[in-house]
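Colleague: Chain residues, written in single-letter form:
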Amino acid sequence: MKEMMTVDARELSCPEPVIRAKKALEMNSNILVIVDNVMALENVKRLGSKVGCVIEVDHREDGTYRIHLSKGDGIGPIIGKDDDLICENKPIPVRSGPFVIVFPENRMGRGSDELGEVLIRTFIHTLPLQETKPDTIIFYNSGVKLTVKDAVVLDDLKTLAEAGVEMLVCGTCVNYYDIAKDVAVGTISNMYDIAGIMSRSGRLVMP
Amino acid sequence: MARETYWVALFKSVSYALMAEKVLKKEGIPFKLIPVPKEISADCGVCLRFTADARETILQVLSGRVEIAHIRPLE
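Listed in order, the protein sequences are those of chains A and B.
Read in order, the letters of the first sequence correspond to residues 0 to 206 in numbering that gives the first Met the number 0.
Read in order, the letters of the second sequence correspond to residues 0 to 74 in numbering that gives the first Met the number 0.
Note that these hints are calculated values from the structure, not bench results.
In silico DSS-like cross-links for lysine-lysine, where the CA-CA straight-line distance does not exceed 27 Å:
| id | chain 1 | residue 1 | chain 2 | residue 2 |
| --- | --- | --- | --- | --- |
| 1 | B | K37 | A | K157 |
| 2 | B | K31 | A | K148 |
| 3 | B | K31 | A | K132 |
The following block holds chain B by itself, in its conformation from the complex (with noise of 0.2 Å):
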């Protein structure tokens, strides 16, 4: 089996990836909150983790709710 790709969502701050968070447990969405991966971003910033498959649905829920920084394949 291949492994799983992931996804990643970054945001302006810790508040607005919590906003997300909140959104996505609501929407029964599953994801991640994992630190900002090193190759990423040398903050210590968090983001959400997520499965490819999820991209679009997430993009959709979090449309005019939270505003998403950056979003991006996980190497």
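One chain only, chain A, in its complex shape (with noise of 0.2 Å):
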């Protein structure tokens, strides 16, 4: 039996364990990794679970785990990327462009319409509380009811827009439920603009 390579990833930020683990199996068939976090154990099961390995994992009382990974012969380069390693330090990709809130529907939720009533009410009530407001506030088809002059919402929508929240409302939508003369809040818009923000948004959240 070949003699054992060990790989001491102790202290090593993620994503290194797995680099050096990966490259100690492409010159060895039989290696032992040792790490100290889960996340750095999960990555090198994976690695090992990728290129057919035998894995056995010790967590030791230290709070180290001593993972052994054994492959037949015949270790070649692994190929593959490393997209799927789960780093939690990685940074998540920023994406610039505006925050757009988008209200499909007058209620939030599938199942109870009367429950979806509710929870718009309450989820609208919170975000003047945010300290991330949206950049823009979109309303299409049922969503249109919330900015008309007897909703319950209205208040809250109004202190958005005096916070500098744009709000565009569907042209279409509110034409086909008759109700244009009623809109209270924000602008009334169409398809293009609607469109353009949301393909240009950096964040877009869709309660």
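Once you've looked at the hints, go ahead and assemble the two chains, each given alone in its own frame, into the complex.
Modeller: What follows is the structure, encoded as structure tokens:
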């Protein structure tokens, strides 16, 4: 039996442990990787199963994991991307563009309509209290009913509008529901603007 | 001007809150249905918020119709 190679990956930050384990596996069919956190453990285990290794894990009392990976002969370069690594500290790619909230309905979620109407009221109530307010709010289909003069959420929407939140109300929709004259907040808009803002958005939330 | 003092009424369930809402609406008492503030309960519930001066009226109109589980001023 070939001598086992040991990779001490303690105190290394992700994705270093799995990179070292991978290099070691390319040269040896039998390796021991020592890591000190679950994330590294999971990443190394995933690497092992990807290349068909037998995996044995020994969780030591000192909080370290000893992962034994063994594979049959004929180890060559390991092909495949590292895109399935889970690194908590991997920065989430930040997309630039406006933060948009879309209300496609006058209620929140599927199931009970009555409950959905309660939920949307409470959701909109909390929006002016958020540190990060949306740049734009879009209303379409029955969502436009949230903007009419007797809508219970109107005060909250007005507060948001006063705070500088742009509001686009689908013109086709207010026409369809025949409520154009009742819209009390926001700008009647069209699908060019609505689709344009949705396409450019960095973050789009649809409750 | 001092900030308005609000009170909240909590109910045993969402259905009770909705029943109370109907009564208050019919009576023309101003209120707002809001999520139960986190400092009161971590539950995802709803409650009715109203101004301090509406408290007595609300207690009266709901009395015998909808049971209030808890009524308290909002911090």
